[in-house]
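Participant: One-letter residues, chain by chain:
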Amino acid sequence: MQRSMLDLWVGLFVIAGLAALVVLAFKVGNMSSTGAGETYSLQANFDNIGGLKPRAPVKSAGVVVGRVTRIEFNNDRFTAKVTLTINKAVQFPKDSTAAILTSGLLGEQYVGIDGGGDGEMFKAGDNIRLTQSAVVLEKLISQFMFDKAAQGQPNTQK
Amino acid sequence: MLHRLSSSVSALGAQVIDMVLRLGYATRFMLLTLRQSTTCLMRPSLIVRELYYTGTLSMVIILVSGLFVGMVLALQGYQTLVTYGSESVLGVLVALSLVRELGPVIAALLFASRAGSAMTAEIGLMKATEQLAAMEMMAVDPIARVVAPRFWAGLLSMPLLAALFSAMGIFGGYIVGVVLIGVDEGSFWSQMQSAVDVREDILNGVIKSVVFGIAITWIALFEGYDAPPTAEGVSGATTRTVVTSSLAVLGLDFILTSFMFRGV
Numbered sequence: 000m001q002r003s004m005l006d007l008w009v010g011l012f013v014i015a016g017l018a019a020l021v022v023l024a025f026k027v028g029n030m031s032s033t034g035a036g037e038t039y040s041l042q043a044n045f046d047n048i049g050g051l052k053p054r055a056p057v058k059s060a061g062v063v064v065g066r067v068t069r070i071e072f073n074n075d076r077f078t079a080k081v082t083l084t085i086n087k088a089v090q091f092p093k094d095s096t097a098a099i100l101t102s103g104l105l106g107e108q109y110v111g112i113d114g115g116g117d118g119e120m121f122k123a124g125d126n127i128r129l130t131q132s133a134v135v136l137e138k139l140i141s142q143f144m145f146d147k148a149a150q151g152q153p154n155t156q157k
Numbered sequence: 000m001l002h003r004l005s006s007s008v009s010a011l012g013a014q015v016i017d018m019v020l021r022l023g024y025a026t027r028f029m030l031l032t033l034r035q036s037t038t039c040l041m042r043p044s045l046i047v048r049e050l051y052y053t054g055t056l057s058m059v060i061i062l063v064s065g066l067f068v069g070m071v072l073a074l075q076g077y078q079t080l081v082t083y084g085s086e087s088v089l090g091v092l093v094a095l096s097l098v099r100e101l102g103p104v105i106a107a108l109l110f111a112s113r114a115g116s117a118m119t120a121e122i123g124l125m126k127a128t129e130q131l132a133a134m135e136m137m138a139v140d141p142i143a144r145v146v147a148p149r150f151w152a153g154l155l156s157m158p159l160l161a162a163l164f165s166a167m168g169i170f171g172g173y174i175v176g177v178v179l180i181g182v183d184e185g186s187f188w189s190q191m192q193s194a195v196d197v198r199e200d201i202l203n204g205v206i207k208s209v210v211f212g213i214a215i216t217w218i219a220l221f222e223g224y225d226a227p228p229t230a231e232g233v234s235g236a237t238t239r240t241v242v243t244s245s246l247a248v249l250g251l252d253f254i255l256t257s258f259m260f261r262g263v
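From first to last, the protein sequence lines are chains A and B.
The numbering of the first sequence is numbering that gives the first Met the number 0, which starts it at 0 and goes up by one.
The numbering of the second sequence is numbering that gives the first Met the number 0, which starts it at 0 and goes up by one.
Rather than coming from a laboratory, the hints here were simulated on the basis of the structure.
Any given hint might turn out to be false.
[Said to hold, decoys possible] Which chain A residues face chain B? A few, computed with CB under 7 Å, are given here:
no.: 1; residue: 8
no.: 2; residue: 23
no.: 3; residue: 24
no.: 4; residue: 120
no.: 5; residue: 121
no.: 6; residue: 124
For glycine and all other residues, C-beta sits at the position ideal for the given N, C-alpha and C.
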């Protein structure tokens, strides 16, 4: 094989390999959606985070605006301290609420932020005051049963 | 009786000592290769020639097996997922298993048997026909001229081959899942994109394949360099290359996986 032909084939191999990497990064991975870009972080304390995991999406009105970056246990208040990283372009008023929601019946859990009406916006490192915990199915069922039992009692006494 | 026992114990001990000795020699060989690498890094045409033999010639087998592995993954994954009505995550299943595990591992196993065995046989035969000794006579260091370019070519081509394998596998999964079975195309790609992380999944896969490339080429080059200069010796060394490097890839994969993906 001649020198130039060999170089051509090796060049083709390298180009194909790099192209495969680029395809993996952009078409398969999420490089294009939430890769670079300026971000800021917010904190939120939840009584119960359910099955929330780091890297879960943060959504507002169904649009992904950031990611959960860290989950810690706050030993002073016995709550979960969740750190959210939000796109710089997205700003929320100071009275916005954060809730842990589930996509679909069995889907993954995410943090939903509902915008408020305050004139002032969150700054980097701020704490979201108004939070709503994840729904724990056992608590919900037991509450329902106690309610039923409480409703049923007066009738049986009559 | 006691004599036989003691002789079998000493035979076992000799085997262990021999193994440790070979490992030490192999480590010295590796360090020597790294030290002699400046010559071939100054003359990239040497590496390009080896890239042709290890990389370009391995491309066909990698692409074809990647396609079929992806197709089988989609077929089998669909059968299980459709029971739970969640066939829309088929893309996630195919992409994550290929990018994290199957791409680097199967590409490395194919690389070991396709390129590693050829390296061992070539260097072993060079040694048996005294070409390496002739080089030394001409004051050309065979490690710098023969071994180091092959090492760098293996290290460079392995991640590219693994990426080709994964990309081809995902394409195969797309053909079977979307085109033949009829999973929704939009959810196939969008779920895949939201689940596969560039740093956590793809970069870790690339790191894995680089580690496998180093391990395979090291084993292959050492077995060739250390082979007894006979026809039997070269064939035995070639077999040992494929067996040892396949086991090394699988073992290293377990160790790397337990470091990289600890379930968040």
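Participant: If a hint holds in the structure, say so; if it doesn't, say that too.
Facilitator: Hint-by-hint comparison with the structure:
1. 8: Because about 5 Å separates residue 8/A from the closest Cβ in chain B, which is inside the 7 Å limit, the hint holds.
2. 23: 5 Å, holds
3. 24: OK, holds: residue 24/A within 7 Å of chain B, min 5 Å.
4. 120: Since the shortest Cβ distance to chain B is 28 Å, the answer is violated.
5. 121: 25 Å, violated
6. 124: 24 Å, violated
Hints 4, 5, 6 from the list above are not met by this structure, while the remaining hints are.
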